[in-house]
Amino acid sequence: MSAPDRRDDVEALLRELAPQVLGALVRRHGQFDACEDAVQEALIAAAAQWPTQGLPDDPRAWLFAVASRRLVDEWRSEHARRAREERVATLEPDEEPTTLDGDDTLALLFLCCHPALTPPSQIALTLRAVGGLATEEIARAFLVPEVTMAQRISRAKQRIKASGGTFELPADDARDARLRAVQHVLYLIFNEGYTASSGPSLQRAELTREAIRLTRLLARLLPDDTEVAGLLALMLLTDARRDARTTADGDLVPLAEQDRDRWDRVAISEGIVLVEQTLPRGRIGPYQLQAAIAAVHAEAASGEGTDWPQILALYMLLERVEPNPMVTLNRVVALAMADGPQAGLELLATLDGDERLAEHHRLVAVRAHLLEQAGEVDAARAAYREAARRTTSLPEQRYLERRAAQLPG
Amino acid sequence: MKYMLLIYETPKTREIFTSAEGREMMAQVNAVMRELTDAGELVGGQALADPSTAKSVRSGGGSPVVTDGPFAEAKEHLGGYVIVECDHARALDIASRWPAVGSSGMEVRPIMDDGGAEM
Numbered sequence: 004m005s006a007p008d009r010r011d012d013v014e015a016l017l018r019e020l021a022p023q024v025l026g027a028l029v030r031r032h033g034q035f036d037a038c039e040d041a042v043q044e045a046l047i048a049a050a051a052q053w054p055t056q057g058l059p060d061d062p063r064a065w066l067f068a069v070a071s072r073r074l075v076d077e078w079r080s081e082h083a084r085r086a087r088e089e090r091v092a093t094l095e096p097d098e099e100p101t102t103l104d105g106d107d108t109l110a111l112l113f114l115c116c117h118p119a120l121t122p123p124s125q126i127a128l129t130l131r132a133v134g135g136l137a138t139e140e141i142a143r144a145f146l147v148p149e150v151t152m153a154q155r156i157s158r159a160k161q162r163i164k165a166s167g168g169t170f171e172l173p174a175d176d177a178r179d180a181r182l183r184a185v186q187h188v189l190y191l192i193f194n195e196g197y198t199a200s201s202g203p204s205l206q207r208a209e210l211t212r213e214a215i216r217l218t219r220l221l222a223r224l225l226p227d228d229t230e231v232a233g234l235l236a237l238m239l240l241t242d243a244r245r246d247a248r249t250t251a252d253g254d255l256v257p258l259a260e261q262d263r264d265r266w267d268r269v270a271i272s273e274g275i276v277l278v279e280q281t282l283p284r285g286r287i288g289p290y291q292l293q294a295a296i297a298a299v300h301a302e303a304a305s306g307e308g309t310d311w312p313q314i315l316a317l318y319m320l321l322e323r324v325e326p327n328p329m330v331t332l333n334r335v336v337a338l339a340m341a342d343g344p345q346a347g348l349e350l351l352a353t354l355d356g357d358e359r360l361a362e363h364h365r366l367v368a369v370r371a372h373l374l375e376q377a378g379e380v381d382a383a384r385a386a387y388r389e390a391a392r393r394t395t396s397l398p399e400q401r402y403l404e405r406r407a408a409q410l411p412g
Numbered sequence: 003m004k005y006m007l008l009i010y011e012t013p014k015t016r017e018i019f020t021s022a023e024g025r026e027m028m029a030q031v032n033a034v035m036r037e038l039t040d041a042g043e044l045v046g047g048q049a050l051a052d053p054s055t056a057k058s059v060r061s062g063g064g065s066p067v068v069t070d071g072p073f074a075e076a077k078e079h080l081g082g083y084v085i086v087e088c089d090h091a092r093a094l095d096i097a098s099r100w101p102a103v104g105s106s107g108m109e110v111r112p113i114m115d116d117g118g119a120e121m
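Residue numbers (this note's numbering), protein chains in the order written: chain A, 4 to 412; chain B, 3 to 121.
Next up, chain A with everything else stripped away, as it sits in the complex:
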């Protein structure tokens, strides 16, 4: 094995072990914040040593032992500072618990997505504590200075402590809400990476892979949860389009114009199997429905060959399960493809008064596309330009300006 390969392998192993070791440590000692710092230090030590010196016999036990020692060192210095109490004997590092408890990883995910935290904090903490990423890597992925990310993480840990967050799986009601928060955080991480994959920052695109890895982990821990499976399927089916969604210059390519030969068939098959397995199992949720929609797109040989009536039906279902104006906006697109642009424009008009979408560039962009399809060239051009002014995304702005410029006349 060459050195870089070994470094990648070590990194993958560390990422996998990180939540297990942290979970076991918190289970034993409590004090999530101190344990998290200790594990992070152990990971850094391992990343430096293992690629050159080889793996220890039991990597997990090694990490657990090193992290425990750090924790004890930390407590010792604190004790020395405070009261010089010689209680440290009771704090000697223990043997690692021999059973591997998946609930520990789950409890960790739940803790990182504590409702007292803002989504950016939940994301940062999840990537570090469960994903095993270093603060510097997370900072680079989110294009902020390392000190900013470090502060975000440490503030998040203080918040959890202050709001009495415990390392336990919450009871039923709270558990559902927390699981939804976990899914949402994983979805946000995925999206951050997916939408960024056109930009110059490859580091950000790796967030997509990390989100899929963590969602796979969650799906393994909760094999009966159809929404987790739906989320994984949605990510796989969306990510399958990654290579086709931008040109070599980083310009966005709309779904209808993508070269479908460049879609990742392996990811698509896996996503479709997941959708087929979970949909008939009752309790339909928004991620499953979005995955089902992505599956219909993935199965179509071309944009025109897409089963738009089926997509329309799925969006109507999604609107019932999770009503929000963004879903309605997508239904507008599907309706226009199934029944023509005029039908789409009529439904779109019903969204005009919706404050949640007011001034949103997506609404204006959809209107522009429909006006173009309806042959209303001047109105379409004005709408594309307006949408281009409203978006805060550079590739979207370029795309919308290009559409406006390509119109005849």
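Read the hints as simulated data drawn from the structure, not as lab findings. Note that CB positions come from ideal geometry on N, CA and C, so glycine has one too. There's no promise every hint is true.
Stated by the list, open to error - Calculated pairs, SDA-like style, for lysine to any residue (alpha carbon to alpha carbon, straight line, at most 25 angstroms):
| hint | chain 1 | residue 1 | chain 2 | residue 2 |
| --- | --- | --- | --- | --- |
| 1 | B | K14 | B | S106 |
| 2 | B | K4 | A | L191 |
| 3 | B | K57 | B | T12 |
| 4 | B | K4 | B | G47 |
| 5 | B | K77 | B | E109 |
| 6 | A | K164 | B | R36 |
| 7 | B | K14 | B | G71 |
| 8 | B | K4 | A | E362 |
| 9 | B | K4 | A | E404 |
| 10 | B | K4 | A | H82 |
| 11 | B | K77 | B | T12 |
| 12 | B | K4 | A | Q400 |
| 13 | B | K57 | B | Y10 |
| 14 | B | K4 | A | Q280 |
| 15 | B | K14 | B | R99 |
| 16 | A | K164 | B | D40 |
| 17 | B | K4 | A | R79 |
| 18 | B | K4 | B | T69 |
| 19 | A | K164 | B | E37 |
| 20 | B | K57 | B | L7 |
| 21 | B | K4 | B | V31 |
| 22 | B | K4 | A | R393 |
| 23 | B | K4 | A | D254 |
| 24 | B | K4 | A | G253 |
| 25 | B | K4 | A | V150 |
| 26 | A | K164 | B | T39 |
| 27 | B | K77 | B | P101 |
| 28 | B | K4 | A | L146 |
| 29 | B | K4 | A | R388 |
| 30 | B | K14 | B | Q30 |
| 31 | B | K57 | B | Q30 |
| 32 | B | K4 | B | K77 |
| 33 | B | K4 | A | P312 |
| 34 | B | K57 | B | T69 |
| 35 | B | K57 | B | E109 |
| 36 | B | K4 | A | D61 |
Stated by the list, open to error - Derived coverage of chain A by chain B (criterion: at least 3 residues anywhere in the stretch with Cβ under 8 angstroms from a Cβ of chain B; other residues may be distant):
| hint | region |
| --- | --- |
| 37 | 251-263 |
| 38 | 395-406 |
Let chain A serve as the given structure and place chain B on it in line with the hints.
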């Protein structure tokens, strides 16, 4: 979402900041900056030197032309900026708590993202 808060100053702003009244304003600025740092929302920020130290460069149509200024007599000028990562309401809240000196004020502008969704 990242926002740039553009700080507009008047020719008097820096003078006022060193006075007794200004010291209180400075304390307000420091308090806001500390809050942004502690929350992990502060991405960056700098103060700019006086406009009298600026040069304007205009190229196009031959060789670039360098002139002094913008204009020393301008009623307000860009005095510095702060970049924060937070939601829109929070960005406006931060701007509204920045101490105002005379007619100066804050402009809140979203920063364009390199990423985007295909449509």
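Right, here's what the structure says about each hint:
Distance hint between B/K14 and B/S106 is fulfilled; the C-alpha atoms sit about 10 angstroms from each other, no more than 25 angstroms. Annotation: proposed proximity of B/K4 to A/L191 holds, straight-line Cα distance about 16 angstroms (limit 25 angstroms). With a C-alpha separation of about 19 angstroms, the suggested pairing of B/K57 with B/T12 holds against the 25 angstroms cut-off. Between B/K4 and B/G47 the CA atoms are separated by roughly 12 angstroms; this keeps the pair inside 25 angstroms, and the hint holds.
Between the alpha carbons of B/K77 and B/E109 the distance comes to roughly 16 angstroms, so the proposed pair stays at or under 25 angstroms and holds. The hinted pair formed by A/K164 and B/R36 meets the criterion: a straight-line CA distance of about 21 angstroms does not exceed 25 angstroms. The suggested pairing of B/K14 with B/G71 holds, with an alpha-carbon distance near 17 angstroms, which does not exceed 25 angstroms. Pair hint B/K4 plus A/E362 holds up; C-alpha atoms about 18 angstroms apart against a cutoff of 25 angstroms.
Distance hint between B/K4 and A/E404 is fulfilled; the C-alpha atoms sit about 23 angstroms from each other, no more than 25 angstroms. For a cut-off of 25 angstroms, the pair hint linking B/K4 to A/H82 is broken: about 42 angstroms separates their Cα positions. Taken as a hint, the B/K77 and B/T12 pair is honoured in the structure, with Cα atoms around 6 angstroms apart against an allowance of 25 angstroms. With a C-alpha separation of about 17 angstroms, the suggested pair B/K4 and A/Q400 falls inside the 25 angstroms cut-off, and the hint holds.
For the hint pairing B/K57 with B/Y10, the CA-to-CA distance comes to about 18 angstroms; that is within 25 angstroms, so the pair holds. Distance restraint check for B/K4 and A/Q280: the Cα-Cα separation of roughly 40 angstroms exceeds the 25 angstroms cut-off, and the hinted pair is therefore not satisfied. For the proposed pair B/K14 and B/R99, the alpha carbon gap of about 20 angstroms is at most 25 angstroms, so the pair holds. With a C-alpha separation of about 16 angstroms, the suggested pair A/K164 and B/D40 falls inside the 25 angstroms cut-off, and the hint holds.
Taking the CA atoms of B/K4 and A/R79, the gap is about 41 angstroms. The hint is violated against a cut of 25 angstroms. Taking the CA atoms of B/K4 and B/T69, the gap is near 33 angstroms; set against the 25 angstroms cutoff, the hint is violated. About 19 angstroms separates the Cα atoms of A/K164 and B/E37, which keeps this hinted pair within 25 angstroms; it holds. For the given pair, B/K57 sits about 23 angstroms from B/L7 by alpha-carbon distance, which is consistent with the 25 angstroms threshold.
Taking the CA atoms of B/K4 and B/V31, the gap is about 20 angstroms. The hint holds against a cut of 25 angstroms. With a CA separation close to 15 angstroms, the supplied pair B/K4 and A/R393 stays within the 25 angstroms bound. Proximity of B/K4 to A/D254 is assessed by CA-CA distance (about 22 angstroms); at most 25 angstroms being required, the pair is judged to hold. With a C-alpha separation of about 21 angstroms, the suggested pairing of B/K4 with A/G253 holds against the 25 angstroms cut-off.
Note on B/K4 and A/V150: the hinted pairing holds, with a Cα-Cα distance of about 16 angstroms set against a maximum of 25 angstroms. As the CA atoms of A/K164 and B/T39 are separated by approximately 20 angstroms, the hinted pair is consistent with the 25 angstroms bound. Of the pairs offered as hints, the one joining B/K77 and B/P101 holds, with about 18 angstroms between alpha carbons and a cut-off of 25 angstroms not exceeded. Distance restraint check for B/K4 and A/L146: the Cα-Cα separation of roughly 10 angstroms lies within the 25 angstroms cut-off, and the hinted pair is therefore satisfied.
Taking the CA atoms of B/K4 and A/R388, the gap is about 23 angstroms. The hint holds against a cut of 25 angstroms. Of the supplied pair hints, the one linking B/K14 and B/Q30 holds, its CA atoms being roughly 18 angstroms apart against a limit of 25 angstroms. Restraint check for B/K57 and B/Q30: not satisfied, since their Cα atoms lie roughly 31 angstroms apart, outside the 25 angstroms limit. Between the alpha carbons of B/K4 and B/K77 the distance comes to roughly 28 angstroms, so the proposed pair goes past 25 angstroms and is violated.
Proximity of B/K4 to A/P312 is assessed by CA-CA distance (about 39 angstroms); at most 25 angstroms being required, the pair is judged violated. Annotation: proposed proximity of B/K57 to B/T69 holds, straight-line Cα distance about 6 angstroms (limit 25 angstroms). Using a Cα cut-off of 25 angstroms, the hinted pair B/K57 and B/E109 holds, with the two alpha carbons roughly 23 angstroms apart. Straight-line distance between C-alpha atoms of B/K4 and A/D61 comes to about 44 angstroms, which puts the hinted pair past the 25 angstroms bound.
With a cut-off of 8 angstroms between beta carbons, the region 251-263 of chain A has 5 residues touching chain B; three or more are needed, and the interface restraint holds. Judged by the Cβ-Cβ criterion of 8 angstroms, the region 395-406 of chain A is covered by chain B as claimed, because 7 of its residues qualify and three suffice.
When held up to the earlier numbered hints, the structure conflicts with 10, 14, 17, 18, 31, 32, 33 and 36 and fits the remainder.
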